[in-house]
Amino acid sequence: MASEEGTHGAETAAEHGAGGGLAIDPMHQFEVHPLIPINLGGLDASFTNASLWMVISALAVSALLLFGSKKLVPGRLQSVGELAYEFISNLMRDVIGEKGRPFFPFIFTLFMFILACNMLGMVPYSFTVTSHIIITFAMALSVFIGVTILGFMKHGIGFLKLFVPSGIPVVMLPLLVVIEVISYLTRPVSLSVRLFANMMAGHTMLKVFAAFVVGLGVVGGWMPLAFMVAFTGLEFLVAFLQAYVFAVLTCIYLNDALNMHH
Amino acid sequence: MADDRDKSSSDRLGELDKRLKRARKADLRGDQQTNGRGTALGLGFRIAVDLVSAVAVGVGLGYFLDWLLGTSPWFLLILMPCGMAAGILNVMRLAKAEEARRLAEQDKDPDEGP
Numbered sequence: 000m001a002s003e004e005g006t007h008g009a010e011t012a013a014e015h016g017a018g019g020g021l022a023i024d025p026m027h028q029f030e031v032h033p034l035i036p037i038n039l040g041g042l043d044a045s046f047t048n049a050s051l052w053m054v055i056s057a058l059a060v061s062a063l064l065l066f067g068s069k070k071l072v073p074g075r076l077q078s079v080g081e082l083a084y085e086f087i088s089n090l091m092r093d094v095i096g097e098k099g100r101p102f103f104p105f106i107f108t109l110f111m112f113i114l115a116c117n118m119l120g121m122v123p124y125s126f127t128v129t130s131h132i133i134i135t136f137a138m139a140l141s142v143f144i145g146v147t148i149l150g151f152m153k154h155g156i157g158f159l160k161l162f163v164p165s166g167i168p169v170v171m172l173p174l175l176v177v178i179e180v181i182s183y184l185t186r187p188v189s190l191s192v193r194l195f196a197n198m199m200a201g202h203t204m205l206k207v208f209a210a211f212v213v214g215l216g217v218v219g220g221w222m223p224l225a226f227m228v229a230f231t232g233l234e235f236l237v238a239f240l241q242a243y244v245f246a247v248l249t250c251i252y253l254n255d256a257l258n259m260h261h
Numbered sequence: 000m001a002d003d004r005d006k007s008s009s010d011r012l013g014e015l016d017k018r019l020k021r022a023r024k025a026d027l028r029g030d031q032q033t034n035g036r037g038t039a040l041g042l043g044f045r046i047a048v049d050l051v052s053a054v055a056v057g058v059g060l061g062y063f064l065d066w067l068l069g070t071s072p073w074f075l076l077i078l079m080p081c082g083m084a085a086g087i088l089n090v091m092r093l094a095k096a097e098e099a100r101r102l103a104e105q106d107k108d109p110d111e112g113p
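One line per chain: the protein sequences are A and B, in this order. Each residue of the first sequence is one higher than the last, beginning at 0 in numbering that gives the first Met the number 0. Each residue of the second sequence is one higher than the last, beginning at 0 in numbering that gives the first Met the number 0.
What the hints contain is simulated information worked out from the structure, not anything from laboratory work. Beta carbons are placed, not taken as given, at the ideal position from N, Cα and C, and that holds for glycine. Treat the hints with care, since some could be wrong.
[To be verified] Here are the simulated DSS-like pairs of lysine-lysine, each with C-alpha atoms no more than 25 Å apart in a straight line: (1) K153/A - K98/A; (2) K160/A - K95/B; (3) K98/A - K107/B; (4) K107/B - K95/B; (5) K17/B - K98/A; (6) K69/A - K153/A; (7) K17/B - K107/B.
[To be verified] A short, non-exhaustive set of chain A residues, derived as facing chain B with CB atoms under 7 Å: (8) I181; (9) S182; (10) T185; (11) S189; (12) V192; (13) R193; (14) V217; (15) V218; (16) M222; (17) L240.
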């Protein structure tokens, strides 16, 4: 893993360091380039490497859950699927309770898709879909809009009570309502920025330290290499954790819309 | 295990039930522990991002309203401090929720330290 990242770093360094010396281009891995150019009436709808990896992620999750789940006594692959199911099922029961049951497919799909994107992003030479803010923001915004619509459907205009804190003098209300509304609008931003920043920072760090391994050579390269091994492990943890956090926060927002208590 | 054979089947079933319950409880506790440790990193990051993004939303909203209504710089001036306040509010809510969760966990099994 680490050494392969290292060779990739060497390539980019060789490409860009024409004038001698070490040039690191850690952002090269995030470039989006079209694989199949598609133009829909002046709109660029090309099938890019990002699209490709999203398709791969979706297929990987589908394959895991479709082909691994036949036997009564589960094999390894089936266990993974069942563990994931139980994990999200328990999470939703803890956070929302029985009312959240109808939304299980949505949360589960969201979690598995993000997890697959993050994990496939750890494969050398692959593309990390979730390291682009437009993708995480699109997901966060759809969650946000969906939850808001749901809140209004469940509680009608009473959903606006979410923005009016109780036990406050009337004079303070205009100010506090503005603050509450801003706090509510923060949700999609923080939800998307968290995932995107974690993935991008981690992958950039990996690339930078991989370039150090090459730059320091056989003599001094061992220390960053050891760091890389440890850091790769941490990155796997982060990849899982961020998918989990995204799912948890979606559950919390869903809970606010369904149960409305604060 | 030799005396198991002497008991009636309903007794043995009851015992099995008890053992299953105990195992399930232990399983649940283990889950929660690993969760607590894993999310410490996530929680820290959550606080940081919540704090900053609220300010960003306040500034963005103020700038947008000013651009829309041509009232520069008033909405920006009003909404930026509101954004900062919202950031603090987010963090306080998060901390309160986390505290409640931790307390509930301690109540559930007092023998387990944090």
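Now the hints, each set against the structure:
The straight-line distance between the Cα atoms of K153/A and K98/A is roughly 12 Å, inside the 25 Å bound, and the hint therefore holds. Taking the CA atoms of K160/A and K95/B, the gap is near 21 Å; set against the 25 Å cutoff, the hint holds. In summary, the hint linking K98/A to K107/B is supported, as the alpha carbons are separated by about 23 Å, within the 25 Å threshold. Restraint check for K107/B and K95/B: the C-alpha separation of about 18 Å stays at or below 25 Å, so the hint holds.
Note on K17/B and K98/A: the hinted pairing is violated, with a Cα-Cα distance of about 30 Å set against a maximum of 25 Å. The hinted pair formed by K69/A and K153/A fails the criterion: a straight-line CA distance of about 38 Å is larger than 25 Å. At most 25 Å may separate the alpha-carbon atoms for a hinted pair to count; K17/B and K107/B meet this at roughly 19 Å. Restraint check, I181/A versus chain B: the minimum CB separation of about 4 Å is within 7 Å; hint holds.
At its closest, the beta carbon of S182/A sits 4 Å from a beta carbon of chain B; the interface hint therefore holds under the 7 Å criterion. Proximity of T185/A to chain B holds as hinted, the smallest CB-CB distance being about 5 Å (cut-off 7 Å). A cut of 7 Å between beta carbons decides the hint on S189/A: the least distance to chain B is about 4 Å, and the hint holds. A hinted interface residue such as V192/A counts as satisfied when its beta carbon comes closer than 7 Å to some beta carbon of chain B; here the least separation is about 5 Å, so the hint holds.
The closest approach between the C-beta of R193/A and any C-beta of chain B is roughly 5 Å, which is under the 7 Å cut-off, so the hint is satisfied. A distance limit of 7 Å between C-beta atoms decides the matter here; for V217/A the minimum to chain B is near 34 Å, and the interface restraint is violated. Given hint, V218/A at the interface with chain B, is violated; its Cβ is 34 Å from that chain's nearest Cβ, farther than 7 Å. With a cut of 7 Å, the hint placing M222/A at the interface with chain B is violated, because the nearest CB-to-CB distance is about 24 Å.
The beta carbon of L240/A is positioned within 7 Å of a beta carbon in chain B (closest approach about 5 Å), and the interface hint is therefore held.
Hints 5, 6, 14, 15, 16 from the list above are not met by this structure, while the remaining hints are.
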